[in-house]
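2 protein chains.
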Amino acid sequence: MSNAYGAQSEEGARTPYEALEVGQKASYEKSVEERDIQLFAAMSGDHNPVHLDAEFAAKSMFRERIAHGMFSGALISAAVACTLPGPGTIYLGQKMSFQKPVKIGDTLTVRLEILEKLPKFKVRIATNVYNQNDELVVEGEAEILAPRKQQTVELVSPPNFVAS
Amino acid sequence: MSNAYGAQSEEGARTPYEALEVGQKASYEKSVEERDIQLFAAMSGDHNPVHLDAEFAAKSMFRERIAHGMFSGALISAAVACTLPGPGTIYLGQKMSFQKPVKIGDTLTVRLEILEKLPKFKVRIATNVYNQNDELVVEGEAEILAPRKQQTVELVSPPNFVAS
Numbered sequence: 001m002s003n004a005y006g007a008q009s010e011e012g013a014r015t016p017y018e019a020l021e022v023g024q025k026a027s028y029e030k031s032v033e034e035r036d037i038q039l040f041a042a043m044s045g046d047h048n049p050v051h052l053d054a055e056f057a058a059k060s061m062f063r064e065r066i067a068h069g070m071f072s073g074a075l076i077s078a079a080v081a082c083t084l085p086g087p088g089t090i091y092l093g094q095k096m097s098f099q100k101p102v103k104i105g106d107t108l109t110v111r112l113e114i115l116e117k118l119p120k121f122k123v124r125i126a127t128n129v130y131n132q133n134d135e136l137v138v139e140g141e142a143e144i145l146a147p148r149k150q151q152t153v154e155l156v157s158p159p160n161f162v163a164s
Numbered sequence: 001m002s003n004a005y006g007a008q009s010e011e012g013a014r015t016p017y018e019a020l021e022v023g024q025k026a027s028y029e030k031s032v033e034e035r036d037i038q039l040f041a042a043m044s045g046d047h048n049p050v051h052l053d054a055e056f057a058a059k060s061m062f063r064e065r066i067a068h069g070m071f072s073g074a075l076i077s078a079a080v081a082c083t084l085p086g087p088g089t090i091y092l093g094q095k096m097s098f099q100k101p102v103k104i105g106d107t108l109t110v111r112l113e114i115l116e117k118l119p120k121f122k123v124r125i126a127t128n129v130y131n132q133n134d135e136l137v138v139e140g141e142a143e144i145l146a147p148r149k150q151q152t153v154e155l156v157s158p159p160n161f162v163a164s
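Top line first, the protein sequences correspond to chains R and F. At position 57 of the first sequence (counting the first as 1) the number is 57 in this note's numbering, and the numbers step up by one without a gap. At position 36 of the second sequence (counting the first as 1) the number is 36 in this note's numbering, and the numbers step up by one without a gap.
The shape of chain R in the complex, shown without the other chains (with noise of 0.2 angstroms):
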């Protein structure tokens, strides 16, 4: 199946609040290119040279350009999404504290964790997101709606972006 932009599909699983236990876990990985960095200026609107501009970043305190903070924040987004509890997931809350710069060419692993079951439907995650290094670059919590029931999901992707 294809969408208006010509986009494929994919399916994806997902884990209703009654089969969520706490302590599950589930991770996400994605390597940080030049070209996600632009794509999230361009959505977001957000200019800030430490991110675009490689002269005005050398004299800043990370020497060189930093993925944004909050690029981080959509790829935790992505973990609950795509992976736990998955597909039609419901986002009621974040909290990010941002721990070390994530540079270009960093391969990010955002490792969720189910902390607790909240009447409701309401469930509190664990998202915190590690470069290559092992090292914790963003520390985080998320709070969501979990799916009511099993279901495999058929997925629509966005279409490939290039620059005009």
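No lab work stands behind these hints: they were computed from the structure. A few of these clues could be false.
What the hints assert, rightly or not - Subject to a maximum C-alpha distance of 30 angstroms in a straight line, what follows is the list of computed DSSO-like cross-link-like pairs (lysine-lysine):
#, chain 1, residue 1, chain 2, residue 2
1, R, K95, F, K95
2, R, K120, F, K103
3, F, K117, R, K103
4, F, K122, R, K149
5, R, K120, F, K95
6, F, K117, R, K100
7, R, K59, F, K117
8, R, K117, F, K95
9, R, K59, F, K120
10, R, K95, F, K103
11, R, K59, F, K122
12, R, K103, R, K25
13, R, K25, F, K100
14, F, K103, R, K30
15, F, K25, F, K120
16, F, K149, R, K100
17, F, K95, R, K100
18, F, K25, R, K95
19, F, K25, R, K100
20, R, K149, F, K100
21, F, K95, R, K122
22, F, K120, R, K100
23, F, K117, R, K95
24, R, K117, F, K100
25, F, K100, R, K120
26, R, K25, F, K95
27, R, K59, R, K25
28, F, K100, R, K103
29, R, K122, F, K59
30, R, K95, F, K122
31, R, K95, F, K100
32, F, K149, F, K122
33, F, K25, F, K149
34, R, K149, F, K103
35, F, K149, R, K103
36, F, K122, R, K103
37, R, K95, F, K59
38, R, K120, R, K100
39, F, K100, R, K122
Place chain F on chain R using the hints.
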């Protein structure tokens, strides 16, 4: 000036730590377009059908597709980096509580207010997001490192991305 992608530059003024005052306010407005949702999905890998699949979303509690919660997070990031304190600000942390769904076509306004100046250039900022009906959609708070000196910064814009 243009960057490797042929994008144009703009200018941004920033407010250094010293000049920030508790109660100081700024705002950042953006309409939520179909393209933004697709860009967010492409950049993050968050293909949750509640954002991308009209048929799936019609059966959800929202009855139609909604924007990713973290898309509002990206706008908060942009508000802090573009307006107050402005370019060169470093993100330390963010708390967000998603209060109401954001629909495609909504116009969001991030309202910033300086809450507290802490030692070592740290600042706490209220980061609340409202829709065009003045309804609070995201309640939040950021902790940032403010720039140390006043400066007008030349901003390099990202390229324009088109669906291929």
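Verification of the supplied hints:
| no. | hint | verdict |
| --- | --- | --- |
| 1 | K95(R) with K95(F) | holds (4 angstroms) |
| 2 | K120(R) with K103(F) | holds (24 angstroms) |
| 3 | K117(F) with K103(R) | holds (28 angstroms) |
| 4 | K122(F) with K149(R) | violated (44 angstroms) |
| 5 | K120(R) with K95(F) | holds (22 angstroms) |
| 6 | K117(F) with K100(R) | holds (22 angstroms) |
| 7 | K59(R) with K117(F) | holds (24 angstroms) |
| 8 | K117(R) with K95(F) | holds (20 angstroms) |
| 9 | K59(R) with K120(F) | holds (19 angstroms) |
| 10 | K95(R) with K103(F) | holds (23 angstroms) |
| 11 | K59(R) with K122(F) | holds (19 angstroms) |
| 12 | K103(R) with K25(R) | holds (26 angstroms) |
| 13 | K25(R) with K100(F) | holds (28 angstroms) |
| 14 | K103(F) with K30(R) | holds (28 angstroms) |
| 15 | K25(F) with K120(F) | holds (21 angstroms) |
| 16 | K149(F) with K100(R) | holds (23 angstroms) |
| 17 | K95(F) with K100(R) | holds (17 angstroms) |
| 18 | K25(F) with K95(R) | holds (23 angstroms) |
| 19 | K25(F) with K100(R) | holds (28 angstroms) |
| 20 | K149(R) with K100(F) | holds (23 angstroms) |
| 21 | K95(F) with K122(R) | holds (18 angstroms) |
| 22 | K120(F) with K100(R) | holds (17 angstroms) |
| 23 | K117(F) with K95(R) | holds (20 angstroms) |
| 24 | K117(R) with K100(F) | holds (22 angstroms) |
| 25 | K100(F) with K120(R) | holds (17 angstroms) |
| 26 | K25(R) with K95(F) | holds (23 angstroms) |
| 27 | K59(R) with K25(R) | violated (40 angstroms) |
| 28 | K100(F) with K103(R) | violated (33 angstroms) |
| 29 | K122(R) with K59(F) | holds (19 angstroms) |
| 30 | K95(R) with K122(F) | holds (18 angstroms) |
| 31 | K95(R) with K100(F) | holds (17 angstroms) |
| 32 | K149(F) with K122(F) | holds (14 angstroms) |
| 33 | K25(F) with K149(F) | holds (19 angstroms) |
| 34 | K149(R) with K103(F) | holds (25 angstroms) |
| 35 | K149(F) with K103(R) | holds (25 angstroms) |
| 36 | K122(F) with K103(R) | holds (22 angstroms) |
| 37 | K95(R) with K59(F) | holds (29 angstroms) |
| 38 | K120(R) with K100(R) | violated (35 angstroms) |
| 39 | K100(F) with K122(R) | holds (16 angstroms) |
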